[in-house]
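Peer 1: Residue numbers (this note's numbering), protein chains in the order written: chain G, 1 to 387; chain D, 1 to 135.
Source of the hints: derived by calculation from the structure; they are not laboratory data. From the three backbone atoms N, C-alpha and C, an ideal C-beta is built for every residue, glycine too. There's no promise every hint is true.
[Claimed, not checked] Derived lysine to aspartate or glutamate pairs resembling EDC-like cross-links, with alpha carbons at most 16 Å apart:
{"#": "1", "chain 1": "D", "residue 1": "Lys46", "chain 2": "G", "residue 2": "Glu135"}
{"#": "2", "chain 1": "D", "residue 1": "Lys46", "chain 2": "D", "residue 2": "Asp94"}
{"#": "3", "chain 1": "G", "residue 1": "Lys358", "chain 2": "D", "residue 2": "Glu129"}
[As the list claims (entries may be wrong)] Negatives, chain D to chain G, calculated, CB over 12 Å:
{"#": "4", "residue": "Val63"}
{"#": "5", "residue": "Asp75"}
{"#": "6", "residue": "Arg115"}
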Amino acid sequence: MNEALIRSLTPSVLAILVRRGADFAAAEDAVQDALVEAVRVWPGEQPRDPKGWLVTVAWRKFLDATRSDAARRRREDLVDEEPAPGPVPAADDTLQLYFLCAHPSLTASSAVALTLRAVGGLTTRQIAQAYLVPEATMAQRISRAKRTVSGVRFDRHGDVATVLRVLYLVFNEGYSGDVDLAAEAIRLTRQLAAAIDHPEVRGLLALMLLHHARRAARTAPDGSLVPLAEQDRARWDTESIAEGVVILQAALARDRLGEFQAQAAIAALHADAPAAEETDWVQIVEWYDELARLTDSPVVRLNRAVAVGEADGPRAGLAALAELNDSLPRHTAVAAYLHERAGDLATAARLYAEAARKAPNLAERDHLTRQAARLNASRLKRLEGDT
Amino acid sequence: MAKYLLLKHYRGAPAAVNDVPMEKWTPEEISAHMQYMRDFADRLEKTGEFVDGQALAPEGAWVRYDGEGRPPVTDGPFAETKDVIAGWMVIDVDTYERAVELAGELSAAPGAGGRPIHEWLELRPFLTEPPTITE
Chain G
1 MNEALIRSLT
11 PSVLAILVRR
21 GADFAAAEDA
31 VQDALVEAVR
41 VWPGEQPRDP
51 KGWLVTVAWR
61 KFLDATRSDA
71 ARRRREDLVD
81 EEPAPGPVPA
91 ADDTLQLYFL
101 CAHPSLTASS
111 AVALTLRAVG
121 GLTTRQIAQA
131 YLVPEATMAQ
141 RISRAKRTVS
151 GVRFDRHGDV
161 ATVLRVLYLV
171 FNEGYSGDVD
181 LAAEAIRLTR
191 QLAAAIDHPE
201 VRGLLALMLL
211 HHARRAARTA
221 PDGSLVPLAE
231 QDRARWDTES
241 IAEGVVILQA
251 ALARDRLGEF
261 QAQAAIAALH
271 ADAPAAEETD
281 WVQIVEWYDE
291 LARLTDSPVV
301 RLNRAVAVGE
311 ADGPRAGLAA
321 LAELNDSLPR
331 HTAVAAYLHE
341 RAGDLATAAR
351 LYAEAARKAP
361 NLAERDHLTR
371 QAARLNASRL
381 KRLEGDT
Chain D
1 MAKYLLLKHY
11 RGAPAAVNDV
21 PMEKWTPEEI
31 SAHMQYMRDF
41 ADRLEKTGEF
51 VDGQALAPEG
61 AWVRYDGEGR
71 PPVTDGPFAE
81 TKDVIAGWMV
91 IDVDTYERAV
101 ELAGELSAAP
111 GAGGRPIHEW
121 LELRPFLTEP
131 PTITE
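For reference, chain G alone in the conformation it holds in the complex (with noise of 0.2 Å):
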């Protein structure tokens, strides 16, 4: 009985019920019903063609529930103008199955659940243990979204940016229960640049890859946080670098510049760089000018001030600071940065105490004061030599 092939299928299989016009909470349950009875029947002996023996069960069981649903007459109608079942294309029903998922009535959590569920193939229970919620209240959440896309019916394709912005939210959650949400995003981004010919899948998957190449490099044994100009380069997965950075140049080729493009770009020149000083700083600020075009995030030209500081010197960089905000978040932590850099290390260690109070997660807290506690003791010990 193989587990993985089941949860490799199970997105598919619920993409042609949905395509055939099963409403999604119904599809679900006829598939799990379904995969009950593979579990039951497989040991004995395995179906040559497993898909096909499950779209077969599953509209079998669909059918059956929504026969002696009070609903019947209108889904009936719906079966008979259904052509017979036969080869599909799988790649159209997954898809569908994606701009189901990440519909835009839909919370961002809820398109997260959702998508994890129906097209990732989780269990509710591997999704509650990712986000560290109570299964009770995953479960609720991911029936919920379905309730809320129960009506949607596909006639064009819904709005890939959506898509993508939902892939790259469960990339970025730094949870992970049995489960890698990372490496999860991932092989969804795949699974949808096969399906899809778009440059910004590509972008997002080429930026993926070469963010998830450093991991292993980004935090040290006791799980501190390792900043990038100090992580041992040898510890980056150069095979990844090397794909994201073949994916990107061909989507960067079909010159429609997104946003995961240019984040792509830019993490491409940092992982190029064979050591931190040797980084492009130039070009790294120009690509930051592309993102501040294409999406006029604050958080970008907090970003861009920080390499305008390692191009153009900390000086430049706390003149770029001094336009933004300071209520961004990390905006004190950049500035304390930047005042080490020009040599006011009271003032420096100052603001990366203050900073570390600000931070939204431990692993930066306790680097920020590492880094105030750093600088203060040094101080002490040149007050000490000086009397």
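Once you have looked at the hints, place chain D on chain G.
Peer 2: The following block gives chain D in isolation, referenced to the frame of chain G:
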């Protein structure tokens, strides 16, 4: 998708608008209050925003290490100066605005005279894992 702690204090927070100690409420008012809290938690579970919630006993002790080979020191309860936490609830919501909205609803639980207590609740964000993309 961020978690927040809603913290209910017995003391330490500014006084509630409808500030009558619970032992002076009628039994029906107490039941209505408890029901409100249960309904609130049930509703949040249905919206997929509930994580956890517990009530705490009002009295606790302070405990401190007292050196090698000696039992820990206990002290308190310092009833007049100590902040006392009555209970907490953890929610997982899409936005900070939603967290504030829910805290406001919880603060409207009925108290004496069946009117909302208008008590102050502390709203604290959880520290999260660092995001994968940081630069």
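Peer 1: Find the hints from earlier in the document that the structure breaks and name them by number, from lowest to highest.
Peer 2: none
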